[in-house]
Structures are given as structure tokens and as C-alpha cells.
Amino acid sequence: MEFLGLYHYLVFPLLLMSGIYAVIAKRNLFKKLIGLALMQSAVFLLYITMAKVEGGTGPILKPGDADVLYSNPLPEVLILTAIVVGISTAALGLGIIVRIKEEFGSVEEDVVRELGGR
Amino acid sequence: MNGVVAHLPALLVVVPMLTAPLVMLLRPSGLAWAATTAASLCAFAIALSLTAAVLAGERPDYLMGSWPAPFGIELVVDAVNALVLLLVTGASSVALLAGARSIDSQIEHERQPLFYSAWLLALAGLAGIAVTGDAFNIFVFMEISSLASYVLVAGGPDRRALPAVFKYLVMGTIGATFYLIGVGLVYMMTGTLNLADMAERVGQVSDLRPVLVAAGFITTGLALKAAVFPLHLWLPNAYTYAPHMVTVFLAACATKVSLYVLIRFDYMVFQPNLAEHGLQFALFLMPLAILALIISSAVALFERNLKRLLAWSSVAQIGYMTLGVSLLTTAGVTAGMLHMFNHALAKGALFLAVAALAAGCGGVRLGQISGAGRRMPWTMGAFVLAGLSLIGVPGTAGFVSKWYLLSAAIGYGGYGPLLAAVIVLTSLMALAYIWRVVEAAYFGAAPAESTGRGEAPPALVVGAWAVALANVGFGLSPDLPVTLASKAAGILTGYSP
Chain Y
1 MEFLGLYHYL
11 VFPLLLMSGI
21 YAVIAKRNLF
31 KKLIGLALMQ
41 SAVFLLYITM
51 AKVEGGTGPI
61 LKPGDADVLY
71 SNPLPEVLIL
81 TAIVVGISTA
91 ALGLGIIVRI
101 KEEFGSVEED
111 VVRELGGR
Chain P
1 MNGVVAHLPA
11 LLVVVPMLTA
21 PLVMLLRPSG
31 LAWAATTAAS
41 LCAFAIALSL
51 TAAVLAGERP
61 DYLMGSWPAP
71 FGIELVVDAV
81 NALVLLLVTG
91 ASSVALLAGA
101 RSIDSQIEHE
111 RQPLFYSAWL
121 LALAGLAGIA
131 VTGDAFNIFV
141 FMEISSLASY
151 VLVAGGPDRR
161 ALPAVFKYLV
171 MGTIGATFYL
181 IGVGLVYMMT
191 GTLNLADMAE
201 RVGQVSDLRP
211 VLVAAGFITT
221 GLALKAAVFP
231 LHLWLPNAYT
241 YAPHMVTVFL
251 AACATKVSLY
261 VLIRFDYMVF
271 QPNLAEHGLQ
281 FALFLMPLAI
291 LALIISSAVA
301 LFERNLKRLL
311 AWSSVAQIGY
321 MTLGVSLLTT
331 AGVTAGMLHM
341 FNHALAKGAL
351 FLAVAALAAG
361 CGGVRLGQIS
371 GAGRRMPWTM
381 GAFVLAGLSL
391 IGVPGTAGFV
401 SKWYLLSAAI
411 GYGGYGPLLA
421 AVIVLTSLMA
431 LAYIWRVVEA
441 AYFGAAPAES
451 TGRGEAPPAL
461 VVGAWAVALA
471 NVGFGLSPDL
481 PVTLASKAAG
491 ILTGYSP
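Going down the list, the sequences are from chains Y and P.
The numbering used here applies: residue 1 is where the first sequence begins, and numbers increase by one.
The numbering used here applies: residue 1 is where the second sequence begins, and numbers increase by one.
Looking at chain Y on its own, in the form it has when it is part of the complex:
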């Protein structure tokens, strides 16, 4: 069934929107960061899905087999880069949250705002 075959394309907006919801609605800075990570995972899923070829194997060619059906390697490589970017963003974000906790004594957005950080 084609509808089920393409269910990744339904999961993608679902993940993206729940990520954005967490970023906007949650007061806790950690939860905001988790929302960001969720958003980025949604994009990873989009790229990996578009690279998949039906019945295709991993894009590794062995000597000898010339006409093997394999998935598109480029988006997978791109997403490898994007994953690294995501990790760096998360690490930096967590670092900033630790510093906020040290300076303001809280990781709740409204408490920090009351203490003078806007």
C-alpha cells in the first residue's frame, strides 16, 4: 500500500511540529533544547527517507558486482554532517544552560527573566 509505504513523510512533520511546540511552549530551558534536537531529528529522517531506493542495499560497491541496486549515498553523507552540527549545537546549548544555572540559580525561563536576563 502506497500510503503506508510513505509513512516516513507523515512522521517527519509530526516530529518537526512537536519539536517546535516544545521550543515555544516549554518554560524549562532543557526541554527547549530537547525540542530543538527533535526538530533536527525530523530533518535527518526526511533526508534519509529521500535517499532510500526500494529494494536497494547500502551504497557499498564490492568489486565484481556492477549492477547492484543501492540507495543514494549523498543525502546520507549530508546528514552525517548535519548530525555533527546537531551534536555541537546541543553541547553548546547545554554549556550555556549550565552557565545560566550558575549565574541565575535556575533553568526556568520565567525565573531567569525575573532575575534580569531577558
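Hints are not guaranteed to be accurate.
[Stated by the list, open to error] Here are the simulated lysine-lysine pairs, DSBU-like style, with alpha carbons at most 35 Å apart:
#1 Y:K52 to Y:K62
#2 Y:K101 to Y:K31
#3 P:K167 to Y:K26
#4 Y:K101 to Y:K52
#5 Y:K31 to P:K487
#6 Y:K101 to P:K487
#7 Y:K52 to Y:K31
Read the hints as simulated data drawn from the structure, not as lab findings.
Every value quoted in this text rests on a predicted model; they were computed, and no experiment measured them.
Once you have looked at the hints, place chain P on chain Y.
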């Protein structure tokens, strides 16, 4: 082209990027500053020679790893990004040269090499965004520059920078993620990441709906990065609480690089291929530009912190640039690109003067700089000169771009005169908020506790004056920016048939 000249587009990114880890190892921090400044000046020299090549009619390009163009990453320099490259490398070099003392006083000593390393990464990222012709490569460089600039903004002594940076990080990541989704959708339909190749292939796509969605994601994501009103919420606090020299660097070029990508992507890939897209682009940007101009100028009128006042003014000035671009005429795009250049000059000089004021007065609130005009005549002189350029007084660079913008708006026809009226009105508002600073500095009584403090460190004052005089210089003989901007506009509007 042969020898090292052929590699200049790549070296522009490689030099700062490879100096960055080196700088981290350099102690004492004076050495780190020297290495950073040298790398930055080197990048500036490369940008100058690339601009000279562009002005001579060449179009320097570079194939990364010698992979042929649509498959490998291609670096291309034309008039559009030559202008942006000049801004990025110039702003970094001036801020470093003028601000050694200012950075020294604001960043802890043992952390300075790390700070300079982040500075170089930001520089490499911004230059990389401008120089590359590959959509995914733009994303990677965008994240390099963004991550580095979060570190730079948070590096200062003001603890209020931390929540500001967190907001900047969240919004910046959302913007970059949206851009990535858009690039993914276009790749899905065309199978290419090279911008020039993409521009050709989008036209052959039969089902355009994913491309339309991609246009939406890319425009919104980049508008968020470029602080196009009302997506500017991260900007005022990030600029206010950042170390002064970081503000000089980022305010002069960071948002403009994102705006450049927005303009390039839209004019090159979407407008020639999607029916009526140009009109939709204009309808999206023009109302936002007008709102940015009026509302941000009004907020700046009532702001009491000098840095935040100028940050709000930056949001308004981005409005001028997007207004020019959204006219969709060659004259409009020329005005937008020209204002990009001239605003960087004016805002750079203003923030340098503010850094000098902060060093001399111990703060940047209007109450604290009260009476500074008498104690720090040189600093305030540079401030007033740059302020005149921001307002657009004849004889300064700001006047040239305002003039081009006005004639583009009037030549637009329809409600063009109305746009011209908005431009004049908001220039008067700029006059009002610059006047509030001048009034406080020259006619206010000096606060009792700060008497006895004199001029700021000479390097800062000289830097502020140099950039302020550049405003006058480019106001009296605006050949270089005008030639570049009109060439750029010719290229951008030339993509559409």
C-alpha cells in the same frame, strides 16, 4: 589565472579556519591577538584582490578538490558576494585592530586565545557562506559561523548575555533547520545542490509543490537568521550584552550575510522558475520592511541603553535593505545592496564609538554618557559623524544609499511615493534618536562619580575616526560601492528572463 591567485577563493576561508586551532595554543594572549589580526588582514587582502578581479570583469571560481562543478563544491565570486566579502573581512579586521584593549578588558586573560579562536571560526564561516556556490555548503558554514558567534556573544562579562545567547541559539538553530528542510526538498526534486545547476533544473520539475514548500522554508529560515522584522527578537539583547568588539563585528556583517543568501537563493533559483514568485516574495518582504522601519525606529526613540538603541536601529536598517530588494527592479536591488555596504560602515563606526564611550564612561546608558561630549570630544566627534551617515545627511555614505533608495521607490510607480514618504519619515526618526544621544553627551550634566575620566584608548578612537571618515569618503566619491552594487543588481535581476 595561475599559481596562488587561482586558489584565492578557497584561501579566503582556509586561512582563518586553519589559524583558529593554532591561535588556541598561543600564549600569552597578545600573540593570539596578533595571529588573529594577521589572519583577518590576510583574508581582507584576499577579498580586496578578488573584488579587484570582479571589477576587472573576471568571475573567479574554484572547484573544491577539482571535482567538476555540479558534483563537487564550487566556490564562485561575483559582484554580489564580493561586496559581502569586503564587509565581512573588513569589519573583522577593523574591530580587531581597534579593539585589542577593549577585548583585553572584557575577556578573562586565560580565555582570550579561545575567544580569538572562536572569532576566526566566525570569520571563516561568514566568508564561507558568502563565497560558496553550493546550497548544503552554505548550511555548514552558516552553522560554523553561528556556533562561533554564540560563543563570542556569551564571552563577555555581562551575565545577562547568557539568556540572550540561549534565545539567539534557539532561534538561529530553527532558522538553519528550516533552511536545511528547504534545501532537502529542492534536492529531492532536482537531485542537485549546486545553486547554478539548481536554477536550471527547478524549471524542468513537473510537480512544483515541494519546490513551493521549499521556497517557503528557505525564505522563512533565512529571514530568521537575517533578523527581518518580526523575526528579529534575538537581535537586540544579543547585540546589547555582547562584548563591544563582538558587537562591532557582528552588527556590521552577520545579518547581512544571511540576507545575501536570501537574496541570492530567491533571485537565482526561485524567481526565474516559479510563476508569480517574484510578486509573492515582494508581498512577503515589503510590508515587513515598512513595519521594521517604523516600529523599530520608534522603539529606538525610547531606548535608554545606547547599544540596544543602535541594535534596534539595525533592525530598522535591515528594513531599508529588504525594502530595496522587494521592489524587484534593478534600481531597487542596487539601492538594497548599496545600503548593505553603507550601513555596515555607519554602524561599525557607531559601535566603535560606543565601545570608546563605554571605556571612558564606565557604561553605555544615556545617563552614564551624560556630559561625555566635553570630556571625550574626539569619541563623540566620530559618533556624530557616523550618526550623520546613519541619518543620511548629504556628503556621507548614508546619503548615497538613501538617495538611490528614494529614486528607486519613486521610479517604482504605483504606491512608490508612499514608500518614499516612509523612507523620509524614518530618516527623521533616526535623526531624533541620534539627537537624543548627542543631547545627553553635549548638553547633559556629567554624573558626579565619573569626573576625571578622560578619552578612551587611542586605538579605539582612531578606529572609530577611520571608519567615520570612510563614511565621508564613500559619501563624496561613492564609485566603488555603487559600481559593485549596480553590477550585483544586474546579475541578480538578470537571472529572470
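The hints, checked one at a time:
no.: 1; hint: Y:K52 to Y:K62; in the structure: 19 Å, holds
no.: 2; hint: Y:K101 to Y:K31; in the structure: 15 Å, holds
no.: 3; hint: P:K167 to Y:K26; in the structure: 13 Å, holds
no.: 4; hint: Y:K101 to Y:K52; in the structure: 43 Å, violated
no.: 5; hint: Y:K31 to P:K487; in the structure: 48 Å, violated
no.: 6; hint: Y:K101 to P:K487; in the structure: 51 Å, violated
no.: 7; hint: Y:K52 to Y:K31; in the structure: 32 Å, holds
Against the hints set out earlier in the document, violations occur for numbers 4, 5 and 6.
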